[in-house]
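Chemist: Those protein sequences? They're chains A and B, same order as listed. Its first residue numbered 1, the first sequence is counted upward by one per residue in the numbering used here. Its first residue numbered 1, the second sequence is counted upward by one per residue in the numbering used here.
Be aware that a few hints might be false.
In silico DSS-like cross-links for lysine-lysine, where the CA-CA straight-line distance does not exceed 30 angstroms [as the list claims (entries may be wrong)]: (1) A:Lys755 x B:Lys139; (2) A:Lys524 x B:Lys165; (3) B:Lys139 x B:Lys165; (4) A:Lys755 x A:Lys524.
Because the hints were derived from the structure by calculation, they are not lab data.
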Amino acid sequence: MIGSVVLQALFLRPLKRGPWRFLSTVVGVAAGVAAVVSTLAASRAALASLVEGVAEVSGVAAWELAPPGGMSAAEAGRQAATADLAVVAPVVEELVVLEGLDDAVRLLGVDPLVDRHVRSLRVEDEDADADGSQEYWTAFQGLLAADGVCLSEPLARRLGLSPGDAVPLVLRSRRHDARLLATFPVPAQASALERVVVADIALVQSWRGDARIDRLEFVPRPGVDAEELRARIDALAPAGAVARRPAERAARTSGMVRSLEFNLTSLSGISLLVGAVLVATTLATSVVQRKATIALLLSLGASRRQLASALLAEAALLGALGGLLGTLAGAQLAQVFLPAMRQTYATVVPGAPRSEIVLHWTDGAIGAALGMGAAFLAAILPLFEILRVPPIQALRAERPSFLSGRGLRLSIGLGAGFWFAAVELMRLPAWRGLPLWALASTLCVLGVMFALQGPLVDGLGRLGRRVAWLPPLRLALASLSAGRRRAAWAAGAVGVATSLSVSIAVMVTSFRQSVVAWTDESLKADLSVRPALVATGVPLGGLDADVERVAVEICGRDAVLPYHVSEGALGDRAIVLAGADFRLGSRRGPLQLVEDGRDERAVLAQAHEHGEVLVNEALHAHTGLGIGDLLHVQVRGRDIARRIAGVVRDYGDSRGTVTLDLPDFLALHPGHSPQQLAIFLDDAAGAQDTRAVLQARLSGTHKVDVLLVKDLRSQVLEVFERTFAITGALQAVSAVVALVAVLVVLHALVAERRKDLALLSAIGASRAQIVGGVCLQAALLGLLGAGTGAVAGLVIGLVLVDVVNLQSFGWTLELVQPWWQVASTMALVAVACVVAALPPSRAATAGRERLVLAEE
Amino acid sequence: MHATANAAPLVLVRGATKIHAKDKAPVVALAGVDLEVLPGEFVALVGPSGCGKSTLLNLLSGVDRPDEGAVRVGGLDLRAAGDAQLVDLRRRVVGIVFQSFHLVPHLTVEENVALPLALAGRSDATRVRALLEAVGLQKRAAHYPGELSGGEQQRTAVARAVVHKPAIVLADEPTGNLDSAAGASVLELLDQLRRESGSALLLVTHDAALAARADRVVRLKDGRVAPPSVVAGAAT
């Protein structure tokens, strides 16, 4: 009973009378939660096509054998010895573009005779038997017609295709017309099988001009021990290859984007952090504004426990409502984020098929937990505040509260502690490949900023006693000083948003500048031929062998530098194995070596002469292997050892790339077709004409982009911009939350000082003076937050560029401080704060004077 | 300084009516009040609680407007005056002393006293210091209101009310929160300072002894002015 009275007096009644602050705080928390939930949901959806689909598409296979670069028919044939233990199904898998969809889907090449034991693709057939068994067999036998494919029903519907229709698809940039044999239903909505095209394995092999098999899938026969089967597979496997669960492939794929996902989720967490600051500000304001009521209730017999419970009830409601709304908003926001997220991930794993946002119940739980967690965390300081209110408070006259010497020492000590922790954390290596400690160090930098807000606001207040007698400024400073704690929180919230903005600006600018310099140095070819871009903004697959043949025919052998890409493994680490012509490269010089004082052409010539390889920076950073080291790589069932001739800068890959000289690469990959072509013309002025000739020759049969060097550079930068689009969106959400925080605090500060403002009005202050004072106060708050936030942002930017980036992707970037952007961000924040101050300042001038004369 | 009998009234109220909370149960605060205050005159406004004293003061300081009737202060029609005119009125014509002092807690005593001048864009350190000395707070100039006693706070408020030499000081029960000795001292000070400034004084009070010091006493009852009475010593 007493508890409910306390709740009524302290929380429910004030909420009823003035719900705006509560509601705006709910909105702020919801925005923070929405940022995290949407990032998680969009990230999961973007990953789903890479990860979750693997197991589904693999059907009931218990093991798979998928050596890097695939295996020959002979190597696969050795596994026939496991036939007594398992059904062995060969699979080739490619990402293809379906014309009309303009997005990647999986093309599975399977053996129709054995695949029925692996995948439960029940193909619809009008002549189906009642039990469906016959239809399955019949439909898959249709695949043996060798020019037909099966599509999922939803995909066929989307493309408007019926059995018998032509299915235009693009595989490795070559257009193919297949016939739709049948459609199959998918087991559930958003199934990975929805985006699968099934064809006979021989057809796919012929399309890609490569008889290799990507993997073998094993379904144990009844009663067979899985481990026994595994041992048998391993014994027969090519060198370096072992049987793995299909889920392990999924895990390896997700591992490639793990750093990226972690960084994006951390970034979205900043919005939640700002939301937590908002809750803290609201609760602290509630406490401060109701100090007299709290004191009165204490003197009437309320216990501190009851008061604390009322505060926590408010926090719980804020968190629960914010979490709920945030989850719902997050689901919507995720739809907006998904394309950007896919584009971001596509830079690491190209060709992720389309996927849909599916909200799990766990998202609701995460949203509620984040909201409640942020609210309760934020309630800690106000809780201390409520516990410190003396019962005599109501009788005390209000005095200005300046920071005591002890408080000052405590704040500075705390700031120094955070700084020390930040420096130590950023020195630690990555944790399981994730830049966990470096990101924790950025939180410590924010901690330094928060710890120093109190002394800085206090300093402003003290400065107010010395400033020239300018009433609005003096009053604004006095008002800030009066609400020091709230002002410090608000400045902190503004600071977090500013630091996020500035640090992202530092990272993006540094990244951009490095990429521009890199493309200028590396992209020197007059023309570039590459597969056309798909919806994710990246080229999909490689080129058909005919493309190189046509290019050589038109431009000459020495003008065309093919670049081949395959897969390999360095121990457990999946890497990219590339092939480039070092001999031609040494003349053209399209590589950019990491600064080691050597001439790149000489290094390429040496690598060509001695059969050495180049590694990219990512591989160097992740493995520590460098110039002169001997590298052991598993490729296509073979172990090869090559010495490293140089480390090259490469912002196109973060997994790790080993580049072999072209003859060496082709010896390992006979008949391999290139990923892209760089064409160096004797007469650069003729590039436009040559481009037209190439396009004319290729456009009917292939889907390729023939790009002039300037177009290629701008395409690279476009991909870059799209990659960072998601960070911009998260930055915007965080800024909105910070703005709400400023609005809430200013409203609270104005409400708290309403009698002072009314008094000023009664004794001669004009409306302009009152509004000016409140806006000035907001501007000071904004500048303080923006100033400290900018400093913190520059430091965090440094950590992101030099530590997080290096640990995540292995790239060294040139640090660029975007001073103009920093200054404009600060100005924008200050202006935003002043704009946020307009509603409270209007409230401050509405019917104010009567408040004073109406004695309470 | 006594009122000039032939001067035009500084305050002229005719038939002022004010009804509060019209949308709920209406409360008639003023029901056709007539009042005149001459320049330099000391008028005491007395009456029981709820009779409309504070409402009348609100109308005179321009923080509220009558529903009916006319209110003129310093020649300005407050019912029709715009915001800027009302601000100017408060800066030049009116000084206010409140029962609850109402000092700005985060400004020092000296800053509080100088506030009306500063808001008008003026400064007069000599006058501020002289007033602080006059109210006996020169040594407390750098203190904050929260560090003062009630009497000291009200003396600060009195100094603030006259610092800009207003034509009239409106005092709403300025001694209501003080003991009798402190109250008498504050009123003495207020009277002395307004005489020096040549200001009129409209004092709202319950205290008959304080009202007795006025040139004229106006009684309000149920929102109307009761029949006039002349107290001893009052000039006409």
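Chemist: Take the hints in turn and mark each one as holding or not.
Modeler: For each hint, the structure was consulted:
1. A:Lys755 x B:Lys139: holds, 27 angstroms
2. A:Lys524 x B:Lys165: Violated, at roughly 82 angstroms.
3. B:Lys139 x B:Lys165: Holds, at about 23 angstroms.
4. A:Lys755 x A:Lys524: This hinted pair is violated, its Cα atoms lying about 70 angstroms apart.
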